[in-house]
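Visitor: Just so you know, the sequences run in chain order Z and P. Here the first sequence is numbered in my numbering, starting from 4 and rising by one per residue. Here the second sequence is numbered in my numbering, starting from 521 and rising by one per residue.
One or more hints might be untrue.
[To be verified] Calculated pairs, DSSO-like style, for lysine-lysine (alpha carbon to alpha carbon, straight line, at most 27 angstroms):
#, chain 1, residue 1, chain 2, residue 2
1, Z, Lys-145, Z, Lys-133
2, Z, Lys-180, Z, Lys-145
3, P, Lys-782, Z, Lys-133
4, P, Lys-816, Z, Lys-145
5, Z, Lys-133, Z, Lys-180
If you're looking for bench data, these hints aren't it; they were derived computationally from the structure.
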Amino acid sequence: MVALENTDTVGQSAGMTIDVQTVSHSFELHGAPLPVLDGVELRVEPGELVALLGPSGCGKSTLLRLVAGLEPPSRGRILADGRPITGPDPSRVVVFQDPTLYPWRTVRDNVALGLEARGLLRSQGHRIDKALALVGLAGFEKAYPHQLSGGMSQRAALARALVNDPRLLILDEPLGKLDSLTRLAMQSELVDLWRNTGFTGLLVTHDIEEALFMATRVIVFSGRPARIKADLSVDRPYPRHRGDPVLTELRHRILELLGLAETW
Amino acid sequence: MSLNDTAAALPAANGGTLPIGGLLPSSLPLRFSAAALLWFAASGVTALWPDAADAQEWERTGEFASLLVVAAGLLVLTALLAAAIHPAPRSRLESAIAGLSASVPWLIALALGVTGWEILTAKLNLLPRPFFVPPQALLEVYLDDWPRLLDCFAASLTLLATGYTVGSVLGVVTGVAIGWSRAVGYWVHPVLRLIGPLPATAWLPIAFFAFPTSWSASVFLIALASGVPVTVLTWSGVAGVNSAYYDIARTLGASPRFLVLKVAVPAAMPHVFVGLFMGLGASFAVLVVAEMLGVKSGVGWYLQWAQGWAAYGNMYAALLVMALVCSGLVTLLFRVRDRLLAWQKGMLKW
Ligand SMILES: Nc1ncnc2c1ncn2[C@@H]1O[C@H](COP(=O)(O)OP(=O)(O)O)[C@@H](O)[C@H]1O
Ligand SMILES: [Mg+2]
Numbered sequence: 004m005v006a007l008e009n010t011d012t013v014g015q016s017a018g019m020t021i022d023v024q025t026v027s028h029s030f031e032l033h034g035a036p037l038p039v040l041d042g043v044e045l046r047v048e049p050g051e052l053v054a055l056l057g058p059s060g061c062g063k064s065t066l067l068r069l070v071a072g073l074e075p076p077s078r079g080r081i082l083a084d085g086r087p088i089t090g091p092d093p094s095r096v097v098v099f100q101d102p103t104l105y106p107w108r109t110v111r112d113n114v115a116l117g118l119e120a121r122g123l124l125r126s127q128g129h130r131i132d133k134a135l136a137l138v139g140l141a142g143f144e145k146a147y148p149h150q151l152s153g154g155m156s157q158r159a160a161l162a163r164a165l166v167n168d169p170r171l172l173i174l175d176e177p178l179g180k181l182d183s184l185t186r187l188a189m190q191s192e193l194v195d196l197w198r199n200t201g202f203t204g205l206l207v208t209h210d211i212e213e214a215l216f217m218a219t220r221v222i223v224f225s226g227r228p229a230r231i232k233a234d235l236s237v238d239r240p241y242p243r244h245r246g247d248p249v250l251t252e253l254r255h256r257i258l259e260l261l262g263l264a265e266t267w
Numbered sequence: 521m522s523l524n525d526t527a528a529a530l531p532a533a534n535g536g537t538l539p540i541g542g543l544l545p546s547s548l549p550l551r552f553s554a555a556a557l558l559w560f561a562a563s564g565v566t567a568l569w570p571d572a573a574d575a576q577e578w579e580r581t582g583e584f585a586s587l588l589v590v591a592a593g594l595l596v597l598t599a600l601l602a603a604a605i606h607p608a609p610r611s612r613l614e615s616a617i618a619g620l621s622a623s624v625p626w627l628i629a630l631a632l633g634v635t636g637w638e639i640l641t642a643k644l645n646l647l648p649r650p651f652f653v654p655p656q657a658l659l660e661v662y663l664d665d666w667p668r669l670l671d672c673f674a675a676s677l678t679l680l681a682t683g684y685t686v687g688s689v690l691g692v693v694t695g696v697a698i699g700w701s702r703a704v705g706y707w708v709h710p711v712l713r714l715i716g717p718l719p720a721t722a723w724l725p726i727a728f729f730a731f732p733t734s735w736s737a738s739v740f741l742i743a744l745a746s747g748v749p750v751t752v753l754t755w756s757g758v759a760g761v762n763s764a765y766y767d768i769a770r771t772l773g774a775s776p777r778f779l780v781l782k783v784a785v786p787a788a789m790p791h792v793f794v795g796l797f798m799g800l801g802a803s804f805a806v807l808v809v810a811e812m813l814g815v816k817s818g819v820g821w822y823l824q825w826a827q828g829w830a831a832y833g834n835m836y837a838a839l840l841v842m843a844l845v846c847s848g849l850v851t852l853l854f855r856v857r858d859r860l861l862a863w864q865k866g867m868l869k870w
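One chain only, chain P, in its complex shape (with noise of 0.2 angstroms):
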């Protein structure tokens, strides 16, 4: 089949997952057949053609060119399922399989990307160097070094973990304490208002003088970081509550505690967690540049090193995985809110 043929076939691409018994476009196998030839052609690209003389000959080539096969191998094997399932899925596979279509331009776009990027930069060396690096490097990264950014990976998210469980926790506590009594809103407001504003890092100077260790000083950081809009979305929350809730409650015969607990905190709960996702943003850009700056070790460590040797091989391969920690990290948080605040209606999906 040609190029032309997935292409005329791309705009009737469903997006979702079809219904068991619905209705299967008859060119399903011919649009992941057309994604496995791709990657196939990029496997070919890897292995066959020969890398640039005039630089360096990469290590992992073979292997990345296995890996592209494999990848090739499976949209041949989801082809012939799709196949065997025409016209309409009948099984949760197979209807997960249809919803796979909808990925189909994905899979077609990252194999000409992974070409292009091969042929930049391993065959005809066109890109400056040592910047650009060819994908293998990224896997050589992963086969060799992999026992160090594991561990700068646990540093990191053992870190992250520590400094915003404290500041989330903080900040709820702190944000219901300022919605909820008068004198504490007195004193803590005037503090928030001046301190609020000022980004966490700027702060990063004194921290590390003030704190015995530089770990503890992280934890402060990134404490700060998110607890800041945690408490101002907590607060807000609280502050917006109806009073009616209040009134009700308290006719039958609530307790202040209950009235806290169990009016003021859930009433608050979908404000607490905008703050738990603005915290989380700012924690992880705190975290890197704790880890750059003071810490010697974690990710942001890793980065700073990769960069000092030049080594962009692990700078790009530390940076990948960190996108999908962090973007785990994301869906995990709306994970749980989609699950305690699974009472509201029309909530964004991530």
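Okay, chain Z solo, but in the shape it has when bound (with noise of 0.2 angstroms):
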């Protein structure tokens, strides 16, 4: 898939520039409050692709939700491009884990679903079939999605977020439910949407090869509530080899940060 010959519409973006600004925040947890995330402050550049690592349920997806704008941060603030995100914008688009596409729409509808939103479904149409193709699901318009795998789910979800040429992709462990051959020959194809387009990428993920095989930087983070414990340059050549001696360093480092080192 991918190899974009000609300057299509779909899938070139200039990328967004995020700038996390000592956020905390925190939740209501049986009256009491759960502080979640602790003075996270984060600046991602345009056209980085900047991997989450940290302990389950330390607050990953939660930041992610906050720079998408879904809830706004209990202290300190998030500037897109330098102004603060008050709330969702189709230049900021979220791929959860689970796709959630809406099952009584076609394949072919669910990805139209921002541009139908957005009521510019007439003029800019033609963009959903360059998106299907994009993700290599050309020929499956018509399909429902309880008809699709899980892979093929999930890069519906991704044709659904691509076709309104996010300025920032935010992937919520987007390959995490996928069964390991289709999650490795999707972490290259989403390598190659990301270095043909030129979004800003920020992956969250719970596996430490994927995110150094993909990422430009891997930050980690500790338990609850998440505070930056890392914030590690991966400065290796695309397309990475998995057994790349740098890579495997890496690793280790991070083990070492999230307490895992024994098991090496």
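Assembling the complex is the task here: the two chains are given apart, and the hints tell you how they should meet.
Guide: Quick look at the structure:
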């Protein structure tokens, strides 16, 4: 998939700058506050693909929801290209672990969702087919979600995001529920997509290898409330090789940071 | 052929339509012939056996016997066609005939039932009159009283359609509003909890007093009866929508209006249809009661009028049509649902 020969309108976007400024966040749980994020400070430059790693339940998804504008942070602020985020915006699109396609819509109508919601279906409808082709789902336009495999559903969710030309693509464990073979294949596909388009990427994953194979930077969080423990630059050219000794070295460091070094 | 042959052949009867090219049981023409024979017998009993001497002579006996002969004749035709297509169906018509083989037991049972009914009523007069009438009495009603029956059914369907449409539309709107808006939920939920379980017919005396016409009162009652289940089920459907559906739409730039109309409502549709089915059943019940007690027209009124005159033939005739109409309406609703919810898998077939 991917290889964009011409300057296609789908998947060409300038990346966005994200500036998370001392953001803290807490939820209410059984009447008591549950602190989830603690003074998170993070700047993501245009075109970066930043992976977020951390123990389960530490607050990674919460941070992504704040960046998406689905909730306001309890304290601190987040800037998108220098302007504070006040709500969701189609320039910042999320792909969740569950594809959450609408079961009552065909694949094509699911991908059309963003254009339809913004009243652009008539003028921009042609982009749907391009987005579907981009993720390798051409020919499945009329299928309903229950007729798709897990990998195909996640590709459809990806197309639904990409058709909007997001400048920031927020990926919350997008490959977490796929079988390992599909996952490896889609890691490469996602990297190609990102390299060919130029959006900024924020990727939460629980797979250290995946983070190192894909990202330009890896942020390691502490347990809840999440604090940034380390900010590691992965300075290796693409396409990467999973056996790269530099990546192996980084993997060891990350395991140490997560307190799992003895399993090495 | 004898009845024993048929009985032996029955267990092999296969259900459903045979696929084109599928193998046909060789006994199929025989089975259709057996059914035809029984319908001829029913006709013979009706036409040739004189009515009981100690009771009235029934009208339309000849016409009813002719009708039975027609049914028997159609079955003979089917048997001939079935013999011609042996061993395997090659066209749509042939495979449809092959599919009919599953109905042979029913065709036989119906013939036996009609014959027994005929004998017990008209021929031997064994059942108390006027409560039991022979089948030709129903035919008599259809042939002689059809204008009035037609009027009554038209009136009932108009009333039902009006009340049910009002109730369903208001139910969906209210259900969505409660599910969507906290303020609406705060005010409407307690009211719904209080009056929802009350049977709509309990409002009958007040409704007929409070509304300008008994017709508008009946529309209100039917709308209430169908509206309550539709409201509750729509509400529960909207409340149960996966919140991630909203998150997705919001990040893609959806307005609140889009979230309601294009996310909440379609996601709640399977629930809404459950409410629509419950509401339809409830509205049938209220329709008949309202017509009996207030409107003085329609099927409910016809049933009561028939009872008042001890015209039980008219009553059975109306009940039969009513059963067909109600069943037809439920089937129609199923069709609509199947069409709108084709995206669901594992749907119940009616
Ligand atoms: N809406 C919510 N209300 C209350 N607690 C929440 C809510 N969302 C998440 N949490 C809690 O916040 C913590 C972090 O959640 P999350 O960000 O999903 O973690 P993860 O890093 O695994 O993605 C968890 O303990 C979770 O239970
Ligand atoms: Mg998470």
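Visitor: Taken at face value, is the distance from the CA of Z:Lys-145 to the CA of P:Lys-816 at most 27 angstroms?
Guide: violated, 52 angstroms
Visitor: Compare the distance between the alpha carbons of Z:Lys-145 and Z:Lys-133 with 27 angstroms, and conclude whether the hinted pair is satisfied.
Guide: Holds. Z:Lys-145 to Z:Lys-133 sits at ~15 angstroms (cutoff 27 angstroms).
Visitor: Do the alpha carbons of Z:Lys-180 and Z:Lys-145 lie within 27 angstroms of each other, as the hint requires?
Guide: Roughly 24 angstroms separates the two Cα atoms, so the pair holds.
Visitor: For the pair supplied as a hint, Z:Lys-133 and Z:Lys-180, confirm whether the alpha-carbon distance does not exceed 27 angstroms.
Guide: Holds: Z:Lys-133 and Z:Lys-180 sit about 26 angstroms apart, inside 27 angstroms.
Visitor: Mind checking the alpha carbons of P:Lys-782 and Z:Lys-133 for me, to see if they're no more than 27 angstroms apart?
Guide: Holds: P:Lys-782 and Z:Lys-133 sit about 24 angstroms apart, inside 27 angstroms.
The structure fails hint 4 only (numbered hints given earlier).
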